[in-house]
Amino acid sequence: DAGITQSPRHKVTETGTPVTLRCHQTENHRYMYWYRQDPGHGLRLIHYSYGVKDTDKGEVSDGYSVSRSKTEDFLLTLESATSSQTSVYFCAISRVGYNEQFFGPGTRLTVL
Amino acid sequence: VEQSPQNLTAQEGEFITINCSYSVGISALHWLQQHPGGGIVSLFMLSSGKKKHGRLIATINIQEKHSSLHITASHPRDSAVYICAVFVAQKLVFGQGTRLTINP
Numbered sequence: 018d019a020g021i022t023q024s025p026r027h028k029v030t031e032t033g034t035p036v037t038l039r040c041h042q043t044e045n046h047r048y049m050y051w052y053r054q055d056p057g058h059g060l061r062l063i064h065y066s067y068g069v070k071d072t073d074k075g076e077v078s079d080g081y082s083v084s085r086s087k088t089e090d091f092l093l094t095l096e097s098a099t100s101s102q103t104s105v106y107f108c109a110i111s112r113v114g115y116n117e118q119f120f121g122p123g124t125r126l127t128v129l
Numbered sequence: 662v663e664q665s666p667q668n669l670t671a672q673e674g675e676f677i678t679i680n681c682s683y684s685v686g687i688s689a690l691h692w693l694q695q696h697p698g699g700g701i702v703s704l705f706m707l708s709s710g711k712k713k714h715g716r717l718i719a720t721i722n723i724q725e726k727h728s729s730l731h732i733t734a735s736h737p738r739d740s741a742v743y744i745c746a747v748f749v750a751q752k753l754v755f756g757q758g759t760r761l762t763i764n765p
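As you go down the protein sequences, you meet chains A and B in turn.
In terms of my numbering, the first sequence opens at residue 18 and continues consecutively.
In terms of my numbering, the second sequence opens at residue 662 and continues consecutively.
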C-alpha cells in the first residue's frame, strides 16, 4: 500500500468554524489531490498540487483553500465550514500527472 | 463518464461485467475499487488493449470510448463499489460507480 495517511479520520464541527485536513505521504510523489465524495455525485476534485507551492483548482474549489510547503504534506482548509461541506474527503497521490493515483483512507467531516 | 449497471447482484462463481463509457478523448482510464469500509484501491490504469490481474480483467477500446471490467469466478469478497475514471487534462473525472454484491 502507498504510504498515505489522512488526519483527522473523523471530525464533527460547527458551521462557521475553520477546519484543516492533512494529507501526509511517504512516497515522495510529485502530485497530490483532494477529492470529496458525496452520494449521487461520486468523487469530485477540489484542488490539486503538482509540486511544492504549486497548486491549482478543481471543479468544486469554492470555499476551500490548500497549501503545500513540503513534498510530503498537502493541507486542505475550510475557512468557514458550512453544512454543504459535510462529506468524505479523500487525498490521493501520483508520481506524475497522468499516472496511477493512490488514495488515502479518507476523512469523514460533519458540519452541524 | 457513464457506468452500467449502477447496481449488480450475482451469485458466487458468476462471470461479472461492468461497463464504462465516456464522451471525450482521453489519455488513460483508471478502474478503482471501494470497499464497504470506504477505502479506495487502484485496480488498473490502461490506455489500450487489455490488462489482467488475478481474476480481474480490464479492456479498453479508445475508438469506441468504452471500457469493461470483468471478474471471473466471482466471490463474496469481490462485493464492493467499482469506479471508472478517465484522465482529462491531467485530472481524473469519475463515474458514479457500480455497486456489486456477490451472494454465497
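Since the hints were made in silico from the structure, they are not lab data.
Treat the hints with care, since some could be wrong.
Simulated crosslink set (DSS-like; lysine-lysine; CA at most 27 Å straight-line) [said to hold, decoys possible]:
#1 A:K70 x B:K752
#2 B:K752 x B:K713
#3 B:K726 x B:K712
#4 A:K74 x B:K752
#5 B:K752 x B:K711
#6 B:K711 x B:K726
#7 A:K70 x A:K87
#8 A:K87 x B:K712
#9 B:K726 x B:K713
Checklist entry - What hints, given by number in increasing order, does this structure fail? => result 8
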